[in-house]
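**Q** Now for the letters of each chain:
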Amino acid sequence: MPDSAVAALDWPAQIYDVLRAFEVRQVAHVPDAGHARLIRLCEADRAMRTVSLTTEEEGIALLTGAHLGGQRGVLLMQSSGVGNTINMLSLVKHCRVPFLTIVTMRGEWGEFNPWQVPMGQATRASLQAQDIVVYDVTEAAAVKDTVEAAAKLAFNSVQQVAVTISQRVLGSKSFKD
Amino acid sequence: MANTLDRRAAVKSLLSNRGDMLVLTGLGGTCWDAAAAGDDPLTFYLWGAMGGASMVGLGLALAQPERRVVVITGDGEFLMGLGALATISAEKPKNLGIVVIDNEHYGETGMQPTHTGRGIDLAKLAAAAGFPATAVATDEASLAKAITVAREAPGPALAVFKVSADKHPLVLPPRDGAYLKDRFRSALLGAQSIL
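If you read the protein sequences in the order shown, they are chains D and V. Count along the first sequence starting at 1, add 131, and that's the number in the working numbering. Count along the second sequence starting at 1, add 975, and that's the number in the working numbering.
Hints may be right or wrong, so weigh each one.
[Claimed, not checked] With beta-carbon atoms standing in for the labels, derived distance ranges: (1) V/1086 x D/287: 28 to 34 angstroms; (2) D/176 x V/1161: 28 to 34 angstroms; (3) V/1140 x D/307: 55 to 61 angstroms; (4) V/1107 x D/248: 29 to 35 angstroms; (5) V/1042 x D/214: 31 to 37 angstroms; (6) V/1093 x D/273: 49 to 55 angstroms; (7) D/270 x V/1086: 53 to 59 angstroms; (8) V/1107 x D/171: 43 to 49 angstroms; (9) D/175 x V/1162: 31 to 37 angstroms; (10) D/299 x V/1147: 48 to 54 angstroms; (11) D/299 x V/991: 38 to 44 angstroms.
Bear in mind the hints are in silico, worked out from the structure with no lab data behind them. We put the CB at the ideal spot given by N, CA and C, even for glycine.
Work the whole structure out from these sequences, hints included.
**A** Dropping the structure here:
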């Protein structure tokens, strides 16, 4: 898909609209280029509290606390961060905390940096090893519906759900200026 | 010099007349200490999730800005999530107090020494991270001040209770996380908050 078509679709804004519609109040993130626009949109929204984490597992704990206090949240991270969350995912699984994470992929499709590949290839299996429901998005047109379905499953049916967004949607990092 | 404060007595003092305070514990000894002080629906006990107690506290403090949130955790648990010092300090939750029950040992795994017995000062780390209120309790007088810091000082606040490494009888609270979560939410948000 040409860049102009990706820009026209503006799927990060569509994710933001879904988060708003579900009254998400705490947006935890370890930044990723693929999430940059969504993070900016959330930061500009006074109803949302964005929390910058030092490591991804902090976000699982943060969102558990948010749920205890009556707020919904989302964790935005890169696929490499999924590996950091494995034990902490026990918290949302065992305590039956509604949990939504949106994972932008690295090491998955046309990756340039070989250091990203092991965790990128292991992301889905890692999440499933902790019994997290995983929805994969491989085209921009499917982002909105998929995030909406994931949010319904998380918040209406009290499940733990991850949406992965492929490098086919994000574009692979080029390592060129 | 060996630490002499008794952890059970110190946590009992911390939680006496707790009012509408929301309480979270870390895993292991601090779970049993809080249970021994008296179970309460507004105490959420983490039986696992090591390294996460302070961050659960941040999420709760942001969601409930009018309520004091006090996290009671151990030195081993706290050391596993030191990055949270930076995350919490950057968010500046005024209503969050963290208490580290510091016996300088991993109490549940054979009493191996932790880093806090080898010069790592958690209160200084918190101060360096920008926590506006920190305190260290080593005796009854400093304990009273540290409890006030944890419960009342504009946060984020961190109080370290230097306690003896004596073992105490196990006092086990309920251990089903979904039950503890629903119990807490029901007491805080009302029964309609439970699906």
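**Q** Does each hint fit the structure? Answer for all of them.
**A** Hint-by-hint comparison with the structure:
Hint check: residue 1086 of chain V to residue 287 of chain D, Cβ distance near 46 angstroms, so the stated range 28 to 34 angstroms is violated. Take residue 176 of chain D and residue 1161 of chain V: their Cβ atoms lie about 30 angstroms apart, and the range 28 to 34 angstroms holds. Judged by the Cβ atoms, the range 55 to 61 angstroms given for residue 1140 of chain V and residue 307 of chain D holds: they are separated by roughly 57 angstroms. Remark: the range hint 29 to 35 angstroms for residue 1107 of chain V to residue 248 of chain D is contradicted by a beta-carbon distance near 44 angstroms.
The supplied range of 31 to 37 angstroms is met by residue 1042 of chain V and residue 214 of chain D, whose beta-carbon atoms lie about 35 angstroms from each other. With their beta carbons about 53 angstroms apart, residue 1093 of chain V and residue 273 of chain D fall inside the hinted range of 49 to 55 angstroms. Look at residue 270 of chain D against residue 1086 of chain V: about 56 angstroms separates their beta carbons, and that is inside 53 to 59 angstroms. Between residue 1107 of chain V and residue 171 of chain D the C-beta distance comes to about 29 angstroms, which lies outside the given range of 43 to 49 angstroms.
Remark: the range hint 31 to 37 angstroms for residue 175 of chain D to residue 1162 of chain V is upheld by a beta-carbon distance near 35 angstroms. Taking the beta carbon of each, residue 299 of chain D and residue 1147 of chain V are about 50 angstroms apart, inside 48 to 54 angstroms as hinted. Remark: the range hint 38 to 44 angstroms for residue 299 of chain D to residue 991 of chain V is contradicted by a beta-carbon distance near 59 angstroms.
Of the numbered hints listed earlier, those contradicted by the structure are 1, 4, 8 and 11.
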